[in-house]
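Engineer: Sequence:
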Amino acid sequence: MALRRYTAALGRACRRLFGAAGAQPRDLKGRVYLVTGIAPGSIGFETARALAAWGATVLVTTRSQPDAAAQALRAALPPGSGTVEPLALDLAYASSVDRLADFVIAYGRLDGLINNAGIHLDLLSQWKEPKLVDGHEIHWRTNYLGTMQLTLRLLPLLLRTAATQGEARVVNVVSMLHARGSNAGLFGGGPAYNSWVAYGNSKLALVHATQELQRRYGPQGLKAFSLHPGAVFTNIADKGLSGNPLLEAVRRFFAPMEAIFLLTPEEGAQTTLVCATAPEAVGGAYYRSCRVARASADSHDAAVSRRLWDETRARLAPQEQPST
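Going by the numbering used here, the letters in the sequence shown line up with residues 592 to 915, in that order.
Because the hints were derived from the structure by calculation, they are not lab data.
Keep in mind the model is a prediction, meaning the values are calculated, not measured.
Yeah, the Cβ is synthetic: ideal placement off N, Cα and C, and Gly gets one too.
There's no promise every hint is true.
[Unchecked claim] Label-pair distances were calculated between CB atoms; the ranges are:
#, residue 1, residue 2, range
1, Pro810, Ala869, 18 to 26 Å
2, Ala754, Pro721, 40 to 48 Å
3, Gly781, Tyr698, 38 to 46 Å
4, Glu857, Glu720, 29 to 37 Å
5, Leu750, Leu712, 33 to 41 Å
6, Trp787, Gln656, 27 to 35 Å
7, Ala905, Ala754, 24 to 32 Å
8, Asp725, Pro870, 34 to 42 Å
9, Gln756, Gly726, 35 to 43 Å
10, Gly671, Glu857, 14 to 22 Å
11, Pro670, Gly781, 46 to 54 Å
12, Pro721, Ala775, 17 to 25 Å
[Unchecked claim] Derived EDC-like pairs: lysine to aspartate or glutamate, alpha-carbon spacing no greater than 20 Å straight-line:
#, residue 1, residue 2
13, Lys620, Glu676
14, Lys722, Asp681
15, Lys620, Glu758
Using the sequences and the accompanying hints, generate a full structural model.
Structural biologist: Next comes the structure, spelled out in structure tokens:
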């Protein structure tokens with residue numbers, strides 16, 4: 592335990608000396624943000640913590656026990672912080688997305704939607720395609736379709752906020768693993784199932800969606816971003832390695848080393864915070880280490896971005912209407 596604390600401190604010191612500067616605190620009083628996926632120990636938790644500490648009202652979601660997660664978040668905030676409102680959300684289910692969207696729309700204002708929630712099942716050994724009851728592969732439904740359903744339901748509110756406040760933002764937390772995906776894989780078919788490719792396709796689709804959001808709605812004051820948060824050992828990796836005693840033992844053995852080389856969730860949240868709050872952030876761009884970076888070659892195909900947008904809108908059209 593002492594060794595891990597030492598190596599963690601050493602890693603943080605090295606990153607402060609040689610890494611990119613993090614997000615700068617802003618006065619966010621009066622602003623409203625929605626951050627999905629804020630389980631303790633996650634990038635989303637640290638993102639929400641910073642926004643609330645800077646004075647914003649932050650709506651936060653988890654798949655289960657949102658009240659407990661919000662309680663942990665409030666306990667981590669300094670006095671005078673903004674309000675934290677817990678909500679349940681499971682992006683794999685359209686009905687859950689609809690319930691959340693109805694609540695947020697009733698709030699009347701949304702300065703920033705931070706699509707942080709996502710899954711990667713069985714990081715090392717998933718070869719059988721897991722499908723949901725609606726027939727969609729689980730990464731595609733959760734990471735892409737669920738995220739887009741939420742974004743499109745909230746888009747009118749974001750645009751109204753932009754019209755009255757000057758701008759609103761959508762931040763899509765993706766991954767450098769979007770490069771494992773391919774444009775061909777976005778429209779079905781492809782080689783034998785591989786969870787890494789499925790995950791990559793879901794994140795590549797979000798990069799395309801980010802660019803289309805900016806192209807279509809940037810003139811109305813919407814800024815959209817996609818980003819890679821860095822190599823962060825968070826709860827998503829813990830879940831991906833769970834259930835395999837050998838891999839869990841290997842992970843415990845290398846735990847002191849991971850503290851040197853992997854970012855903490857707080858460090859991993861910095862790029863998200865830059866995209867969500869920095870005045871100079873460039874809408875439509877892909878960010879990495881708090882700076883504009885180049886996404887994969889496939890993500891720059893504008894025709895694919897348009898086709899995917901149109902097909903996604905058609906697929907989700909019934910779910911974009913207010914639920915009754």
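Engineer: None of the hints should be skipped; say for each whether it holds.
Structural biologist: Consistency of the hints with the structure:
no.: 1; hint: Pro810 - Ala869: 18 to 26 Å; result: holds, 21 Å
no.: 2; hint: Ala754 - Pro721: 40 to 48 Å; result: holds, 41 Å
no.: 3; hint: Gly781 - Tyr698: 38 to 46 Å; result: holds, 40 Å
no.: 4; hint: Glu857 - Glu720: 29 to 37 Å; result: holds, 35 Å
no.: 5; hint: Leu750 - Leu712: 33 to 41 Å; result: holds, 34 Å
no.: 6; hint: Trp787 - Gln656: 27 to 35 Å; result: holds, 29 Å
no.: 7; hint: Ala905 - Ala754: 24 to 32 Å; result: holds, 27 Å
no.: 8; hint: Asp725 - Pro870: 34 to 42 Å; result: holds, 40 Å
no.: 9; hint: Gln756 - Gly726: 35 to 43 Å; result: holds, 40 Å
no.: 10; hint: Gly671 - Glu857: 14 to 22 Å; result: holds, 20 Å
no.: 11; hint: Pro670 - Gly781: 46 to 54 Å; result: holds, 53 Å
no.: 12; hint: Pro721 - Ala775: 17 to 25 Å; result: holds, 21 Å
no.: 13; hint: Lys620 - Glu676; result: holds, 15 Å
no.: 14; hint: Lys722 - Asp681; result: holds, 15 Å
no.: 15; hint: Lys620 - Glu758; result: holds, 15 Å
Figure legend: structure checked against the earlier numbered hints; every hint is met.
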